[in-house]
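Participant: In my numbering, the protein residues as written are 1 to 123.
Each hint should be verified, as a subset may be incorrect.
What the hints assert, rightly or not - Okay, derived cross-link-like pairs now, SDA-like style, lysine to any residue, Cα gap no bigger than 25 Å in a straight line: (1) K118 to Y108; (2) K28 to T105; (3) K118 to I45; (4) K118 to D31; (5) K118 to E46; (6) K28 to V104; (7) K28 to E84; (8) K118 to T58; (9) K28 to D80; (10) K28 to I94; (11) K28 to D73; (12) K118 to G27; (13) K118 to E87; (14) K118 to E84; (15) K28 to V91; (16) K28 to A90; (17) K118 to D80; (18) K118 to K28; (19) K28 to E87.
Unchecked claim - Now the in silico label distances, taken between C-beta atoms and shown as ranges: (20) G89 to Q44: 42 to 48 Å; (21) V68 to G27: 30 to 36 Å; (22) T58 to G89: 39 to 45 Å; (23) T51 to A96: 50 to 56 Å; (24) T51 to V104: 49 to 55 Å.
Rather than coming from a laboratory, the hints here were simulated on the basis of the structure.
Ideal Cβ positions, reconstructed from N, Cα and C, are used throughout, including at glycine.
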Amino acid sequence: MHPRTAFATTLVGLTLAFASGCLVVSGKSIDEHGTLVTANTLSQIEPGVTTEAWVLATLGEPTAITTVPGTPDVSILRYDYVEEHAEGGAVFLIFAGGSETRHVTRTYFESAGGVITKYWTEP
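Take these sequences, add in the hints, and give me the full structure.
Facilitator: Following this line, the structure appears as structure tokens:
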């Protein structure tokens with residue numbers, strides 16, 4: 001092989017090796033926070049029997065507690081669970097992109113006189 005051809009081939013090979021290893025970056029993350037109320041937990045709740053104290057002991061403090069106007073002994077306990085996914089990638093100085101998704105699940109418990117009367121989940 002001619003010395004110039006060998007040099008050019010080596011130079012191109014080294015350039016491709018360094019460029020491919022240094023220029024591409026990607027990542028993925030999942031962030032979860034709040035209280036996840038599972039189907040198993042909900043199956044343990046019997047409206048008219050299960051107490052608000054049991055829900056608080058099982059799930060902890062809710063995200064929010066609202067008293068229903070005009071009925072001071074009725075309150076709504078709300079538990080939020082948030083799951084955020086982020087993905088991204090970049091080719092240095094050429095392209096960068098990514099996506100983010102956020103999913104919020106809210107579970108509500110209606111309590112009257114300290115007893116759970118109904119519950120529901122909103123995706």
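Participant: Taking the hints in turn, state whether each one holds.
Facilitator: To see whether the hints hold, each was checked on the structure:
1. K118 to Y108: holds (8 Å)
2. K28 to T105: holds (22 Å)
3. K118 to I45: It holds: about 9 Å lies between the C-alpha atoms, which stays within 25 Å.
4. K118 to D31: violated (30 Å)
5. K118 to E46: Given that 25 Å is the threshold and the Cα spacing comes to 8 Å, the pair holds.
6. K28 to V104: Between K28 and V104 the Cα gap is close to 19 Å, so the pair holds against 25 Å.
7. K28 to E84: holds (11 Å)
8. K118 to T58: holds (17 Å)
9. K28 to D80: Holds. K28 to D80 sits at ~23 Å (cutoff 25 Å).
10. K28 to I94: At roughly 20 Å apart (the allowed maximum being 25 Å), I94 and K28 satisfy the hint.
11. K28 to D73: Measuring from Cα to Cα gives roughly 46 Å; hence the hint is violated.
12. K118 to G27: The given pair, whose Cα atoms are some 42 Å apart, is violated under the 25 Å limit.
13. K118 to E87: The hint is violated at about 38 Å.
14. K118 to E84: The given pair, whose Cα atoms are some 29 Å apart, is violated under the 25 Å limit.
15. K28 to V91: holds (16 Å)
16. K28 to A90: Since the Cα atoms of K28 and A90 sit roughly 12 Å apart, the hinted pair holds (cutoff 25 Å).
17. K118 to D80: Holds, at about 17 Å.
18. K118 to K28: violated (38 Å)
19. K28 to E87: Given pair K28, E87 holds - Cα atoms ~4 Å apart, limit 25 Å.
20. G89 to Q44: 42 to 48 Å: holds (43 Å)
21. V68 to G27: 30 to 36 Å: At 45 Å between Cβs, range violated.
22. T58 to G89: 39 to 45 Å: holds (41 Å)
23. T51 to A96: 50 to 56 Å: holds (53 Å)
24. T51 to V104: 49 to 55 Å: With a Cβ separation near 27 Å, T51 and V104 fall outside 49 to 55 Å, so the hint is violated.
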